[in-house]
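> Build the full structure now, drawing on both the sequences and the hints.
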Amino acid sequence: PYGTPGCTACSGGCGSVLTLTGAFCGDGSKNGPEACDDGNTVTETGCPYQLDAGTCLRCDSSCTTALVLNGPYCGDGAQNGPEGCDDGNRVTETSCPYGQMSCSLCSANCTAPLTGLAVAFCGDGTKNGPETCDDGNTVSETACPYQLDAGTCTLCDSNCSTTLNLTGPYCGDGVQNGAEACDDGNRVTETACPYGQTSCSLCTANCTQALTGLPVAFCGDGIKNGSESCDDGNTTCGSCKSDCSANLLAAATGTIQATKESNLRDGETFKLDDGVNPAIIFEFDKAADPGTVILGNVRVKVSSGDSSSTVATTMAAAINDPALTLAITATVTGSNNNVLSLVNDAQGAFGNKQISETVQSTSFTVSGMSGGGGRDCATGQTCTGNGDCASNVCAGTTSKTCN
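Here this note's numbering is used: the first residue of the sequence shown is 30, the next is one more, and so on.
These are computed hints drawn from the structure, not numbers from a lab.
Bear in mind the structure is a predicted one, so any value in this text is a computation, not a measurement.
Treat the hints loosely; a few may be bogus.
Mimicking DSS-like on lysine-lysine, the simulated pairs with C-alpha atoms at most 30 Å apart in a straight line are [unchecked claim]: (1) K253 x K289; (2) K315 x K330; (3) K315 x K300; (4) K253 x K59; (5) K289 x K315; (6) K330 x K300; (7) K253 x K270; (8) K300 x K289; (9) K270 x K156.
Label pairs and their calculated CB-CB ranges [stated by the list, open to error]: (10) N276 x N432: 21 to 27 Å; (11) S399 x K253: 24 to 30 Å; (12) T227 x A356: 35 to 41 Å; (13) A346 x G296: 52 to 58 Å.
The C-beta atom is built at its ideal place from N, Cα and C for all residues, glycine as well.
Here it is, written out as structure tokens:
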């Protein structure tokens with residue numbers, strides 16, 4: 030009967046004794062009047078350790094009341110039973126929680142602690158978790174660190190929440206910074222000083238070495254460089270303009286506007302000077318006015334009624350007389366053939382000699398001589414050719430000077 034674990038009885042014929050078993054509280058099976066049976070007659074107060082659950086169904090000691098109990102398990106955060114560890118979950122983590130520099134975590138089955146886990150935090154240089162940015166530190170920078178080839182950078186504030194767009198020193202900004210030996214404001218290794226500078230302080234493209242002994246090019250160095258039209262080795266005289274913008278080697282020129290004979294007076298003069306030979310005074314001699322020409326003057330004989338054209342032709346013949354030591358050539362020009370065009374036979378500034386005259390008529394006018402250039406450098410002055418020198422001799426090999 031229920032409640033008796035074992036008993037003996039007689040067989041139906043009473044010929045033998047039978048050993049029987051029966052149901053009872055604690056046999057592990059719910060029988061008879063039992064509300065439950067957990068295999069014992071103990072009223073438990075908690076569950077035994079379990080791997081993956083924290084609750085259990087148990088029975089009181091009389092099998093009359095079912096008990097819903099709690100007990101330890103893997104993942105409850107407390108190391109119990111056979112556990113090697115318990116981190117409060119059933120996960121095998123691959124890294125520490127964000128923001129922790131180290132951690133003690135456990136495998137999913139609570140058998141072994143996890144070691145060598147990766148960490149992620151503001152300042153580790155990798156954008157993780159809630160971070161907007163991470164530049165490898167927890168400083169709010171105000172400027173970029175020195176860089177070789179850029180003046181801007183993107184950094185992060187101290188709590189990795191805001192991106193900072195900054196500027197800073199770099200090679201080529203014109204200021205010597207960081208490990209720079211020099212900084213000339215560019216990233217070029219120059220091979221010569223800028224045109225016009227007789228010396229310069231320049232730097233290699235990576236700002237590591239000052240450049241020395243660079244060649245120079247400037248107006249007056251005797252070499253045609255840059256935008257120069259010419260260069261005669263100086264900026265004071267010679268065949269080239271002082272700023273090397275134009276070639277000055279030219280012959281002096283001038284003009285004389287002749288007038289008719291009736292406007293001239295006997296003995297009136299004009300003087301020409303070629304800048305090399307002695308100046309010559311030309312004196313008008315009117316045939317109708319007997320007299321002599323002043324000694325040393327050159328006679329320009331005009332006849333009564335001569336037109337301005339005729340007078341111009343007579344003047345040209347006198348000027349061009351090969352017997353004279355005057356290196357000026359006169360040519361009759363003008364719409365009325367009454368203008369003398371005068372050109373010095375040689376190029377040079379020496380020919381810029383003013384034409385003087387004593388003619389009272391306002392219809393007789395002179396201009397020049399002017400416009401001559403070159404051949405004005407004194408002895409010892411730098412030159413590049415004979416046309417620079419007043420002596421017309423430019424000598425020397427490496428450094429030429431006027432003799």
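> Quick check: does the Cβ-Cβ distance between N276 and N432 fall within 21 to 27 Å?
Given a distance of about 22 Å, which is inside 21 to 27 Å, the answer is holds.
> Using the Cβ atoms, figure out if T227 sits within 35 to 41 Å of A356.
39 Å, holds
> Run the distance test for K253 versus K270: straight-line Cα separation, threshold 30 Å.
Roughly 12 Å between the alpha carbons, so the hint for K253 and K270 holds.
> Run the distance test for K315 versus K300: straight-line Cα separation, threshold 30 Å.
18 Å, holds
> Do A346 and G296 keep their Cβ atoms within the hinted range of 52 to 58 Å?
At 20 Å between Cβs, range violated.
> Does K156 sit within 30 Å of K270, going by the straight-line distance between their CA atoms?
67 Å, violated
> Is the straight-line distance between the alpha-carbon of K253 and that of K289 30 Å or less?
Not OK: K253 and K289 at ~51 Å, beyond 30 Å, violated.
> K300 and K289 were given as a pair; does the straight-line alpha-carbon distance stay at or below 30 Å?
Roughly 19 Å between the alpha carbons, so the hint for K300 and K289 holds.
> Checking one constraint from the list: CA of K315 to CA of K330, max 30 Å. Satisfied?
Distance ~6 Å between K315 and K330 Cα, so the pair holds.
> Please verify whether K330 and K300 have alpha carbons no more than 30 Å apart.
It holds: about 16 Å lies between the C-alpha atoms, which stays within 30 Å.
> Does the structure keep K289 and K315 at a Cα separation of 30 Å or less?
Holds. K289 to K315 sits at ~12 Å (cutoff 30 Å).
> Does the Cβ-Cβ separation between S399 and K253 fall within 24 to 30 Å?
27 Å, holds
Against the hints set out earlier in the document, violations occur for numbers 1, 4, 9 and 13.
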